[in-house]
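**Q** Sequence:
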Amino acid sequence: MNKLVVSVIVALAVLFIAGLYLLSQMTGGTSFNERYASIKKLTFSVGNGTVLNQELRILMSYGNRSVETQRANRTVRVGGFSWPSYYLCPIGETGPAAQCYDVPFTLVAMPKELMGVDSIDLPFNSGKGNRITLRYGGITNLDMPWGPHPVVNYTNFTAHYPKPDVNMTAKFYYDTSEGYLVRIEVSITDGNLTSTALFQLREMPKLRGPLEIEKPENWGWSRGG
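Heads up: the sequence shown begins at 4 in this note's numbering, then just goes up one per residue.
Possibly wrong hints are sitting among the right ones.
[As the list claims (entries may be wrong)] Pairs of lysine to aspartate or glutamate, EDC-like flavour, derived with a Cα cap of 20 Å:
#1 Lys44 / Glu215
#2 Lys44 / Glu220
#3 Lys218 / Glu37
#4 Lys218 / Glu116
#5 Lys44 / Glu116
None of these hints come from the bench; they were simulated from the model.
Please model the complete structure; the sequences and the hints are all you need to start from.
**A** If you want it as structure tokens, here you go:
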């Protein structure tokens, strides 16, 4: 067997092993506690200066009919990061709307080291508390304005909220390789009428990262944490 063939076989073997490793990071088989205990830092792909073109839509659905009741677009620039919040500054706004503000990292990007864990508690104010428990829902493709986009899905289902006969479902979609937020869908339904808030990117961002921080000693949203 000549050296070229051997080199090709070795290269293919390395790629195969690397592929298995990456796949194992996205299967949802690793618990959050195991993964968190094994890492020393948190890496966010969205760094200072990244521009995010965002869209918010509110839809009301009844039977087969769906009506958009609200739509708003906003372009923001990442002006900084202080755990656990991003500092965002609107672009092209005037008056009070032009003021910079803080948002939890949940609404911008997930730490890359934690992508693929089976479930995770994150800061997100749903009205029921300041955290939300998301469960791994697999990898899928979303139809985005720029085309199909592979994402990791994390979902929360809360029964009998915000009323006894109403249920809420929140779906978070993060880019599979970089972990930045692509879309959030929050739906509230009583089985007949459904209200859906859809928050997503309008264009693929040009990331100015990575942004790294030392792993916080405690994950502040865990049960009992």
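**Q** Indicate, hint by hint, whether the structure satisfies it.
**A** How the hints compare with the structure:
no.: 1; hint: Lys44 / Glu215; result: holds (7 Å)
no.: 2; hint: Lys44 / Glu220; result: holds (10 Å)
no.: 3; hint: Lys218 / Glu37; result: holds (14 Å)
no.: 4; hint: Lys218 / Glu116; result: holds (10 Å)
no.: 5; hint: Lys44 / Glu116; result: holds (8 Å)
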